[in-house]
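K.L.:
Each chain, written out:
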Amino acid sequence: MVSGRFPILELRGLTKRFGELAAVDAVDLDILEGEFFTIVGPSGSGKTTVLRMLAGMESPSSGDILLKGERINDVPANRRPTCMVFQSLALFPHRTVGQNIEFALKIRGDAAASRRARAFELMDLLRLPRSYYKRGVTQISGGERQRVALARAFAYDPQILFFDEPLSAIDYKLRKTLEKELKDIHRETGKTFVYITHSLEEAMVMSDRIGVMRAGRLVQVGTPHEIYTEPRDKFVSEFMGEVNVIDVVADADGLLFAEAFGTRLTAPAHRRGFQKGHLVIRPESLRFLERPEQAENRFEGTLYNEYVLGSRIQYQVRVGEHVFAVERLRQHAFGGRLDDRVLIGWNAVDSILVEE
Amino acid sequence: MVAAAERSAQPAAATPARPRSSLGFRYSLPVLLLLAVGFIAPLVAVIAFSFVEPRSFDLWSEPTLANYRTIFEQTYYRSFLWSLAFAALTVVVLAVICYPVAYGLARVFGRWSNLVTLLFVLPLFISENVRLYGWVLFLIKGGVLLGGVKALTGIELTSILFTPPMIVFGMVYVYLPFMLFPMTLGLSMVPREVTEAAFDLGASRAQVFREVELPLAMPGIIIGALLTFVLGVGAIVEAKVLGGQSVIPITHDIEIAFTYAQNWPLGAALSVLLMLVVGVLVLIVLKRFDLDRILGRR
Amino acid sequence: MGMDAQQRRWVKPLIVAWTAAICLFLYMPVAAAALASLSQSRYFTFPVAKWSTVWWGKTFDSIQIRELIETSITIAMLVTAISVVLAFFGALAFARYRWRGRSLYQRLVLLPIFFPQSVLGLALLLWFSALGLTLSWQTAVFAHLVWIVPVATLVIAIQVYSFDPALEEAAADLGASRWQVLKEVTLPVLWPGIFSGALFSFLLSWGNFPLSLFTTGADSTVPEYLYAKMIAGYTPGVPVLGTVSTLGAAVLLLGGYGLITVIRRARGT
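Chains as they are written, first to last, in the numbering used here: chain A, 1 to 356; chain B, 1 to 298; chain C, 1 to 269.
Hints were generated in silico from the structure; no laboratory data involved. This structure is a prediction, so every number in the text was calculated from the model and none was measured. Treat the hints loosely; a few may be bogus.
A few chain C residues facing chain B, derived, Cβ under 8 Å [what the hints assert, rightly or not]:
id: 1; residue: V16
id: 2; residue: I22
id: 3; residue: A33
id: 4; residue: L35
id: 5; residue: F46
id: 6; residue: P47
id: 7; residue: A49
id: 8; residue: T53
id: 9; residue: F89
id: 10; residue: R98
id: 11; residue: R102
id: 12; residue: L104
id: 13; residue: F209
id: 14; residue: V238
id: 15; residue: P239
All C-beta atoms in this analysis are idealised placements derived from N, C-alpha and C, irrespective of residue type, glycine included.
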């Protein structure tokens, strides 16, 4: 999927301080030509600041940004061959759809006829009806505005497109459609996309690679599969969605001891020298057992509640003071009743061990 | 009662409101009453008086156009033109000098904005003739400027006081906040991301200004321009204190008609013409703006 | 932050310098008046030969000037009290409720603000005499109200725009009567706007000249007195009184907003 393998954008020790606070703290990252790279993190993690520095709207406190090997720290946004799609879309409210799309061309001094031709090309690419050309941007729907913003960015013919959570304010159903569309457009145009979002789910759908940020630092970089199966720490694993986490310490025999439960657990293969950390079990990896020997690790608890999550059902099982989430597909719904005593368990291979 | 409040609070639900019972209408009544008695009625009285026999004080007489004839036969048009020209010039000068400050207040000063705003608000509350008189003391022969220059260098300069440009100077000085604040409001209505987007799409600072910032801030700028223009047309003290009566603005003519000349009908007719110019302008401009959008922006 | 990379480095200092220059321009004559008030000689010359506070003393000893200040303050206080009440309800009608005729009402409220004040003053003079009223400080109060109530309405309306009507609905839902809703929710939430409206009313009335000029009759306010003295015969009492009125306005404004800040901090909002 990734067309080129050389880095188009290199971040070297990129840092931004606002007063005492380091909003972005020594980030090193290579973004490859033609890839769809997504930076994920909760709000305040510094992801927006990274993007704004890359786009040239914020200058780094220290560190470098290299575009195709050339340092661009001091190149202002209007001279960078990059373009941003804003969270608010930032369409020009006093201009029509056509004028918005043609903005960069007008700035460049293109003739009206060629601007119009290019605008129509882009409207076709983004499946915007040509009849919208003369409409005001306030007279079209949210999804259409999204496409106008994208067309406007493409008209600039940037080498890299930045996306600052442009889908976050859109309702679920439309968002899911636009995510896929964006991925299709990425494929069709072959441009480098750098996207930021707080939703790992969104990142998973679209990205070739994902970088997870937390408190100004890049915690983990990898393909969606790598992030999902080998989260580097508890933060990344929890960021992936709802998970069960058990605090554990290594004991002498290479097994794990879960202090809170007073039991030993069979561990997946783990790094040598592991001392202390967390065992992460996804809700879909937990199972209801009929007999104890059906799983390597198990707990007995009480079925406390159940939630229907569309195609899946989640069960809340209380073990002492702890609450475990168990998920099943709807067609395999668990037959137990609330307050029943139940046995839940998992195999070691289905769990992930992360160090503290 | 509460149910009525709830219903009228919802913009969508309240469209076919019942005016008699709506709280909004009832709450507006005191203000409406005040404006009816204190604004509309006096204006009607002025209009009525403008059709009364010259030098008469009796409102109930045969209507006549004599006052208007007098105005068009004599040279009052000069005063009108001076007033309109001074006001227009004031607007232009103010627009230019206020823009950087308004931009600073909206974009640059951050948490200092409130303090800077306060500094610009304060002079509004000092009577304009006090402040204008301060300029006289500053600029007069032997005053702060000329006296200071003489003491330092020995050079004696002539004062620029009591010349027509000083009238514009005084108006610019007095009405500065009335341009500054609407302009700041207008500029703060320009979303930051929109100017950033323009910049990101290759526009230079000048292009961002021309293509995005100026058109989007226009409502505020126009309101500021209108306000200063109207105040400028109505200005009376500047010409007397700083202009030294080198030029007679229309307000001065009106005042003379009402006071020394004791010719109220003539003064009323002049006022009517001035009100026509101002009123038409104000109504045209105000009609075009969505006040809720401009004022409700926070 | 934000725009820093977008602006050339010299733009920000330039804007700061320009703003400082304009500020200086605004306060220059005020400072000149303060200087003149502290000069001992009967006629002001600069550099000041001899400093003294003799004219301050003389001004404050004058019974006429005390009366002027009293008249000005009485007018301003009455105007403030009346205009805050009218403007509070006026602002609710302006910004809070949607009702038929609202848009017309909004424009009507703006008209007196967008109107030459000297002409308004003369129109009121005409109107009062047509009604057979004798001009005095009471008619001036009314004249001030015609202009100040709309201004105060706008000032309070700006606060009302940011007021969430759901708060009132929640209070009513919890059993509060119409009056209790007003007292417990609407008033406290809109308080800063009302305070600003009151401050504006007082100060605008205190400094007003064009309306007072035509409507006070035999009575006189501080700005009127200063104007008369400027036109006919300078005395150092003019800059003294001018400086006093400036200082008064400054203390009120800064003190008022200082108070708001302190109370807001104490409330933790």
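K.L.:
All hints are to be evaluated individually against the structure, with a verdict given for each.
P.N.:
Against the structure, the hints come out as follows:
no.	hint	verdict
1	V16	7 Å, holds
2	I22	6 Å, holds
3	A33	4 Å, holds
4	L35	7 Å, holds
5	F46	3 Å, holds
6	P47	5 Å, holds
7	A49	11 Å, violated
8	T53	18 Å, violated
9	F89	4 Å, holds
10	R98	5 Å, holds
11	R102	6 Å, holds
12	L104	10 Å, violated
13	F209	5 Å, holds
14	V238	7 Å, holds
15	P239	7 Å, holds
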